[in-house]
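Colleague: Given the sequences, and given the hints that come with them, work out the whole structure.
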Amino acid sequence: MNVQCSLVPLLAAAAATLTACSGDPPSPHPVPTAGWVTLAPPEQPGPRIVIEGTVTWRTDHVGCAEMVTDHGQTLRLVGDVATGHERAVFEGGPAQEYARVTGYTINPHASATVCGSGIPFVAERVEPNQRR
Numbered sequence: 031m032n033v034q035c036s037l038v039p040l041l042a043a044a045a046a047t048l049t050a051c052s053g054d055p056p057s058p059h060p061v062p063t064a065g066w067v068t069l070a071p072p073e074q075p076g077p078r079i080v081i082e083g084t085v086t087w088r089t090d091h092v093g094c095a096e097m098v099t100d101h102g103q104t105l106r107l108v109g110d111v112a113t114g115h116e117r118a119v120f121e122g123g124p125a126q127e128y129a130r131v132t133g134y135t136i137n138p139h140a141s142a143t144v145c146g147s148g149i150p151f152v153a154e155r156v157e158p159n160q161r162r
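Per my numbering, the very first residue in the sequence shown carries number 31; after that it's consecutive.
Bear in mind the hints are in silico, worked out from the structure with no lab data behind them.
As the structure is a prediction and not an experimental result, all values here were calculated from the model.
It is possible that some hints are incorrect.
Computed spacing ranges between beta-carbons, pair by pair [as the list claims (entries may be wrong)]:
#: 1; residue 1: Thr68; residue 2: Gly109; range: 25 to 35 Å
#: 2; residue 1: Gln74; residue 2: Gly122; range: 33 to 43 Å
#: 3; residue 1: Glu157; residue 2: Gly122; range: 27 to 37 Å
#: 4; residue 1: Arg117; residue 2: Glu157; range: 27 to 37 Å
#: 5; residue 1: Gly122; residue 2: Leu69; range: 11 to 21 Å
#: 6; residue 1: Glu121; residue 2: Glu73; range: 31 to 41 Å
#: 7; residue 1: Gly123; residue 2: Pro72; range: 33 to 43 Å
Beta carbons are placed, not taken as given, at the ideal position from N, Cα and C, and that holds for glycine.
Modeller: As structure tokens, then:
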């Protein structure tokens, strides 16, 4: 048997594996896009959703990023991802942008802050998006 010929299937399999592993693995359960955000039940996070709207990373208070959804709801974006985007404003990042945010709501009573009103929403992923 020709050694060169026996390597071809092996190399093809390796290339297929690398291609499959090069991106984010597909989610077994796609995250639904929501039009309206509901409050989380007491003592537990809400379901993981994707929401679109205008995000203001820099407000009057540090740590009080907010999002106005396409349906007019106000969300308070919290968590490490939101904090990272807020800090990026000081390094030249946009102070405001239209974005698609993946995350979940948390109980408003457990997350009272000086930020004011708005449903607390833990941002896990932010993707700048063009307005449709």
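Colleague: Determine for every hint whether it applies to the structure shown.
Modeller: Verification of the supplied hints:
Distance hint check for Thr68 and Gly109: the Cβ-Cβ separation is about 18 Å, which falls outside the suggested range of 25 to 35 Å. Checking the proposed 33 to 43 Å range against Gln74 and Gly122 shows it holds: the Cβ atoms sit about 38 Å from each other. Checked against the hint of 27 to 37 Å, the pair Glu157 and Gly122 fails, with Cβ atoms roughly 19 Å apart. Taking 27 to 37 Å as the suggested C-beta distance range, the pair Arg117 and Glu157 does not conform, at roughly 18 Å.
Separation of Gly122 from Leu69 is about 35 Å and departs from the stated range, judged on CB atoms against 11 to 21 Å. At roughly 37 Å, the beta-carbon separation of Glu121 and Glu73 lies within the given 31 to 41 Å, and the hint holds. Judged by the Cβ atoms, the range 33 to 43 Å given for Gly123 and Pro72 holds: they are separated by roughly 35 Å.
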